[in-house]
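Chain by chain, the residues run as shown.
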Amino acid sequence: MAGRGTNGRHGSRGHAGRTAALARLLHKECIQLLELYRNSESLPSSPVDGGYLVSIPPLVPQLSDAEKISILHAALKECLRLLEDVITQEDAEFSDEDSEYKRKWKTVRDRLGHLLASTEQLLVEGQKFEAKVKEELDGQAVSGSFRLKMWIVRVLQDLVHWTGQTSDTLRSLPAEVEKAPKTMSRRTRRGAEKIRK
Amino acid sequence: MQGWVTLALLLSLGVECSLGQNGVGELPVPRGLTLNPDLPAQTLSLTWQSDSSLFDLEIFHTELMNVVLNETVAVKTDPVTGLHSWTWHSPLPLECTSHSAHIRARNQQSVSQWSPLQTIPGSDIPEKSESNMFPQDKVVPVGSNMTFCCIVKEKEDFKEIMYGRQEMTATRLSRRTYAITATNQPVSGNTGTNVICCSQRLTLTGAVVFVGYPPGDEGLVCETRDLASAECSWKKGRDTGLRMRRSRTKYTLNGRDCLEANERKRWWCSSKAWEQSWTLVARNPLGTVHLMDSAQLTDRVHLLAPVNVTAVEVKAWSATLQWSWSVAAYKKLEMVCQLQLFAHELNSTRNYSGPGLSSVVLESLWPDVDYTVTLYCGSKHGFWKWGDKSAPYRIHTKMDRPDALDVWMWMDSSNTGCVFWKPLSVRKSHGALVGYEVSQSSAEEDGWTPVSLPPGNFSYPIILNNGSDITVAVAARNPAGLSQPSTVTTPAYRADSQLSMSELLSTNGSFVLSWQPNANASSGYAVEWVPTGCSGLCPVDWKKVPESDSSFTLNSDSLVAGVRYTVSVYALSTGAPTLLQRWQGYSQEMTPSQSVRELLPNQSGSDVLLSWKATAMENQRGFIRGYTIYLANAAHLELIANISDPEVQSYRVKGLSLSSYKFVVKAYTSAGEDAGATVAIKMEMDTADMLFVGILVPLGIMFCCLILISICCYKKREWVKKAFYPEIPGPKVPGDWSSPQGPLDVKPSPHSLVHIVESPEWDFTKEGLFPVPEEEEESENDNIEVDADSDEPALLRYYNQVVGDGSHGNQVSDSSGSSNTSVDSTQTEITYAGIQSPTSSQGACGGGGYRPQMQSVIGPAEPQIEFEADFQDDGLHAGYKPQCSWQLDSPEAENFSGSLGSPTSVTSSQFLIPESSEEKPQPSNTWFHNFLSGKS
Chain A
1 MAGRGTNGRH GSRGHAGRTA ALARLLHKEC IQLLELYRNS ESLPSSPVDG GYLVSIPPLV
61 PQLSDAEKIS ILHAALKECL RLLEDVITQE DAEFSDEDSE YKRKWKTVRD RLGHLLASTE
121 QLLVEGQKFE AKVKEELDGQ AVSGSFRLKM WIVRVLQDLV HWTGQTSDTL RSLPAEVEKA
181 PKTMSRRTRR GAEKIRK
Chain B
1 MQGWVTLALL LSLGVECSLG QNGVGELPVP RGLTLNPDLP AQTLSLTWQS DSSLFDLEIF
61 HTELMNVVLN ETVAVKTDPV TGLHSWTWHS PLPLECTSHS AHIRARNQQS VSQWSPLQTI
121 PGSDIPEKSE SNMFPQDKVV PVGSNMTFCC IVKEKEDFKE IMYGRQEMTA TRLSRRTYAI
181 TATNQPVSGN TGTNVICCSQ RLTLTGAVVF VGYPPGDEGL VCETRDLASA ECSWKKGRDT
241 GLRMRRSRTK YTLNGRDCLE ANERKRWWCS SKAWEQSWTL VARNPLGTVH LMDSAQLTDR
301 VHLLAPVNVT AVEVKAWSAT LQWSWSVAAY KKLEMVCQLQ LFAHELNSTR NYSGPGLSSV
361 VLESLWPDVD YTVTLYCGSK HGFWKWGDKS APYRIHTKMD RPDALDVWMW MDSSNTGCVF
421 WKPLSVRKSH GALVGYEVSQ SSAEEDGWTP VSLPPGNFSY PIILNNGSDI TVAVAARNPA
481 GLSQPSTVTT PAYRADSQLS MSELLSTNGS FVLSWQPNAN ASSGYAVEWV PTGCSGLCPV
541 DWKKVPESDS SFTLNSDSLV AGVRYTVSVY ALSTGAPTLL QRWQGYSQEM TPSQSVRELL
601 PNQSGSDVLL SWKATAMENQ RGFIRGYTIY LANAAHLELI ANISDPEVQS YRVKGLSLSS
661 YKFVVKAYTS AGEDAGATVA IKMEMDTADM LFVGILVPLG IMFCCLILIS ICCYKKREWV
721 KKAFYPEIPG PKVPGDWSSP QGPLDVKPSP HSLVHIVESP EWDFTKEGLF PVPEEEEESE
781 NDNIEVDADS DEPALLRYYN QVVGDGSHGN QVSDSSGSSN TSVDSTQTEI TYAGIQSPTS
841 SQGACGGGGY RPQMQSVIGP AEPQIEFEAD FQDDGLHAGY KPQCSWQLDS PEAENFSGSL
901 GSPTSVTSSQ FLIPESSEEK PQPSNTWFHN FLSGKS
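Going line by line, the protein sequences match chains A and B.
Taking full-length UniProt numbering, I'd label the letters of the first sequence as residues 1 to 197.
Taking full-length UniProt numbering, I'd label the letters of the second sequence as residues 1 to 936.
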């Protein structure tokens with residue numbers, strides 16, 4: 001996480017800069033959300049056994065920046081899916097009363113959607129990567145309320161990790177990646193237009 | 001052979017005996033022991049076959065073989081299955097670790113052998129290598145105890161188990177299993193209480209326990225709103241604390257799910273049809289509550305609110321109100337309705353009844369009043385509760401003519417007075433007044449003379465032209481018309497001085513009045529009260545009393561404390577009111593607001609007459625009961641008189657000595673004293689006394705003193721002479737002085753000089769101390785003895801001459817040197833100045849200021865040693881010793897420096913010039929001691 005500070009560069013780097021700022025903001029909010037959840041549930045700060053839920057190909061130096069962004073985009077996409085599953089499952093299992101924690105959940109979900117839409121404009125056409133989820137939120141995997149809570153923690157840990165990775169990668173992008181939107185696929189452009197609306 | 005058989009028999013008997021003593025072998029071992037765990041219930045069922053009915057049971061935690069149960073139980077054979085069955089409830093979840101059990105039959109002291117161990121595996125066996133915690137998601141009541149176990153995954157260490165935020169003490173049950181017991185568990189939060197098992201680096205596993213209460217719902221009540229369906233409601237009661245969806249309370253009403261309540265929206269259920277009895281079941285994992293209710297539909301009618309409320313006819317004193325019902329079935333229902341009328345100080349509630357009531361006439365309203373009407377109804381038969389309230393509806397009644405005024409006339413003189421009337425209240429004005437009409441008639445004039453007054457007026461002045469009575473009629477007018485006129489005839493004026501008024505005492509601030517009934521009071525009585533002594537626009541108040549009454553209580557709220565009131569009772573008839581009685585009194589007496597006036601002291605010899613005047617009546621604030629007179633000292637007032645007669649307004653203070661005095665006079669009422677008026681006086685003597693004390697007494701004292709002094713001087717005349725005029729010894733001159741070197745006929749009296757020298761400065765600064773004319777000097781030389789003894793001015797002149805020569809030392813001749821020395825020896829001041837400091841004395845001597853007799857032959861510039869040697873030579877001679885030699889011989893010479901200019905130095909002439917050469921110097925105060933001791 002070190003080095004993810006404000007450097008002011010994104011202001012002069014256009015869309016990639018704005019996306020990096022968004023990723024950094026989301027990363028901070030994910031950290032706050034994880035902290036909020038741990039406090040409300042009196043959970044220890046030690047990591048949950050099992051590692052990250054989302055796995056991607058290793059971000060080796062040989063990969064180009066655009067490829068890295070594509071891979072991270074795939075990971076964030078899975079994170080969003082997991083997050084929505086968590087919200088649904090938690091509302092079904094526990095009280096659906098409004099709380100600061102619940103409001104934060106929804107803020108993070110919405111901002112993650114915006115980040116995905118924003119990074120999608122940086123993707124290189126034709127390159128497609130997939131991320132995998134080691135465990136799914138099905139009956140056996142999360143039987144018991146405690147396992148559901150641990151799974152929520154793991155989803156949040158993944159969110160913190162992958163938004164941090166994305167923020168770091170976007171910050172290190174050179175200026176030429178700015179050209180990427182020109183090669184944006186028609187599908188992606190449509191998606192972006194939708195978001196603008 | 002026979003011996004072997006016998007031995008074998010004995011051995012077999014011994015074995016049987018030993019077996020029989022141990023009880024083993026007689027009872028058969030129970031067969032077919034099986035263990036059936038119920039994991040959620042944490043129970044373990046044991047079944048076996050045996051002919052016995054008493055068994056010993058032992059259950060172990062298999063891995064460490066810790067005995068968790070060792071019990072003897074009596075279990076009969078199940079007649080159906082032919083098996084024995086017994087169930088054990090484990091405090092620990094059975095998954096936590098493997099459990100083993102065995103059993104043996106018992107018959108009193110005889111027991112069989114243990115059956116083979118039967119084991120149910122736990123979740124800590126090597127085949128299940130992952131971490132785990134038990135039990136999961138248990139729902140338990142508040143205050144219960146519960147044991148949790150954590151199975152640590154293979155190759156992972158164990159650190160702790162947390163219950164919520166609390167670290168618990170864990171017990172090891174097996175290689176991988178640790179357990180804690182939470183006691184008296186508190187209610188959980190929204191998502192349960194977490195029990196977490198941690199290793200040194202990871203959160204391994206955990207469980208959630210939901211601690212709460214069983215349902216606490218109560219008070220089921222069913223009613224109908226539309227005379228057909230039912231609505232049942234109840235109170236929720238205590239919060240169960242169970243928020244988890246599957247732990248929430250579920251409701252059923254008469255067996256049907258209560259959707260409204262299950263969705264946690266409202267605590268009521270509806271039913272389309274009315275049933276005679278209702279049962280609500282509230283259930284959660286911790287318990288079930290059954291609530292019952294039964295009633296006839298007609299006894300549970302809760303009407304809806306009337307709608308479309310309108311006033312169809314509004315008058316000054318009444319209005320007709322109409323409304324409609326949203327349920328058609330209400331039209332045939334016998335109902336009772338309640339109307340609430342809200343107006344300023346005119347709130348009221350009225351009841352109406354009838355079948356399907358939808359219209360009422362509101363009577364007894366007040367004109368020109370804004371009413372707000374609220375309406376609600378209920379079933380008349382089997383009234384259950386009032387229905388919902390209608391929306392507020394506003395009615396404003398019309399105006400009507402005002403009521404008649406309450407009029408009174410007050411005469412402040414024989415031919416002037418004023419008509420008063422009281423303002424009409426809202427209830428009596430019946431609309432905003434626009435004015436008053438005052439008419440008056442007299443015996444001389446026919447008809448009425450009307451005058452219109454604006455609504456703010458409540459009085460009208462009356463003037464009687466020729467002393468005849470007049471009658472005044474007053475009426476109020478509003479937009480609806482004129483009120484009935486109220487008439488009053490001028491009463492005869494009676495001044496207070498013409499009446500013998502009694503003092504009226506108040507009771508708790510009120511006046512209780514009573515009077516003799518009067519036959520002429522055909523229209524009752526009028527009680528009038530007005531501040532005493534008031535003139536002009538006075539706050540006249542009155543109250544009319546029916547003729548049947550002869551008493552009246554004038555309440556304190558219409559009186560002002562500390563104000564004297566004149567209260568009059570009049571008999572009312574068709575003619576002029578007749579005064580019956582008059583009083584004066586205070587509703588509450590207070591201390592006077594001002595002190596007495598014109599307090600004056602008047603001295604008469606040693607007496608002082610204090611006189612004053614009472615303060616004005618408006619300042620008295622109570623009946624003056626007397627006066628107190630105080631003498632004011634520095635810190636307090638000393639009471640010297642208490643005059644209880646308020647008419648006495650003077651007091652004589654007697655027997656005062658010549659000094660200054662302050663007197664304080666205070667008037668007092670029953671409430672206490674006023675602040676007091678203060679007057680000061682300085683006592684002075686009379687003329688004759690002054691003459692006696694001021695002149696004759698001092699003269700007498702002086703005369704006595706003179707006589708005493710004269711007697712004393714006469715008796716001590718010898719001593720006086722010695723002390724003040726001692727004999728001056730003649731100079732005893734040594735041989736060298738035998739030949740006269742100059743005129744040495746001067747012998748000044750030393751004690752004369754004592755009187756002359758009072759200040760050393762005086763000598764040096766006074767220019768008058770210069771030589772006197774020649775002829776006087778000559779006469780002095782001729783009569784030196786006489787002058788020295790009796791004529792001090794002469795000596796002064798001589799002394800001045802000598803000093804004058806000394807001050808002009810350079811001009812002194814040799815012949816005058818001895819004379820100078822002689823004179824200087826008597827002048828202490830000059831002599832000391834020359835002696836005390838060797839340097840200065842040398843200078844003084846050298847300068848010619850002081851010159852001992854031998855110095856005339858020694859030049860001024862002679863060394864000091866020679867000078868001293870001369871003195872030593874002189875000391876050998878008896879006779880006169882000049883001061884220089886004495887000063888050098890005396891060990892106290894230095895001490896005299898401090899005596900310069902002091903009285904002691906003045907009197908030092910006593911020892912500076914002794915009577916004889918053998919005489920030693922005397923102390924300076926010797927003459928005083930002599931005087932006291934009577935020596936002469």
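If you're looking for bench data, these hints aren't it; they were derived computationally from the structure.
Wrong hints could be hidden among the right ones.
[Claimed, not checked] Result set (DSS-like, lysine-lysine): computed pairs, CA atoms no more than 27 Å apart in a straight line:
1) A:Lys102 to A:Lys28
2) B:Lys250 to A:Lys102
3) A:Lys128 to A:Lys77
4) A:Lys102 to B:Lys138
5) A:Lys134 to B:Lys153
[What the hints assert, rightly or not] Computed spacing ranges between beta-carbons, pair by pair:
6) A:Lys102 to B:Val307: 39 to 47 Å
7) B:Leu117 to A:Asp91: 20 to 28 Å
8) B:Arg246 to A:Glu84: 21 to 29 Å
[As the list claims (entries may be wrong)] Per the computed footprint, the stretches of chain A lying under chain B, defined by three or more beta-carbons under 8 Å from a beta-carbon of chain B, are:
9) 43-51
10) 65-79
11) 144-151
A virtual CB, placed ideally from N, CA and C, is assigned to each residue, including glycine.
A quick look at each hint next to the structure:
1. For the hint linking Lys102 (chain A) to Lys28 (chain A), the alpha-carbon distance of about 17 Å falls within 27 Å, and the restraint holds.
2. Between Lys250 (chain B) and Lys102 (chain A), the direct Cα distance comes to roughly 25 Å. Compliance with the 27 Å bound is thereby established for this hinted pair.
3. With a CA separation close to 13 Å, the supplied pair Lys128 (chain A) and Lys77 (chain A) stays within the 27 Å bound.
4. For the hint pairing Lys102 (chain A) with Lys138 (chain B), the CA-to-CA distance comes to about 25 Å; that is within 27 Å, so the pair holds.
5. With a C-alpha separation of about 20 Å, the suggested pairing of Lys134 (chain A) with Lys153 (chain B) holds against the 27 Å cut-off.
6. Under the hint 39 to 47 Å, the C-beta atoms of Lys102 (chain A) and Val307 (chain B), about 42 Å apart, fit the expected range.
7. Between Leu117 (chain B) and Asp91 (chain A) the beta carbon distance is about 49 Å. The supplied range of 20 to 28 Å is therefore violated.
8. Between Arg246 (chain B) and Glu84 (chain A), the C-beta spacing of about 22 Å keeps the proposed range 21 to 29 Å intact.
9. By the rule of at least three residues with a Cβ nearer than 8 Å to a Cβ of chain B, the coverage given for the stretch 43-51 of chain A holds, with 6 such residues.
10. Counting residues of the stretch 65-79 of chain A whose CB lies closer than 8 Å to any CB of chain B gives 0, which falls below the minimum of 3, so the coverage claim is violated.
11. Note: the stretch 144-151 of chain A has 5 residues with beta-carbon separation from chain B under 8 Å; the three-residue rule is met and the coverage holds.
Comparing the model with each earlier hint shows violations of hints 7, 10; every other hint is respected.
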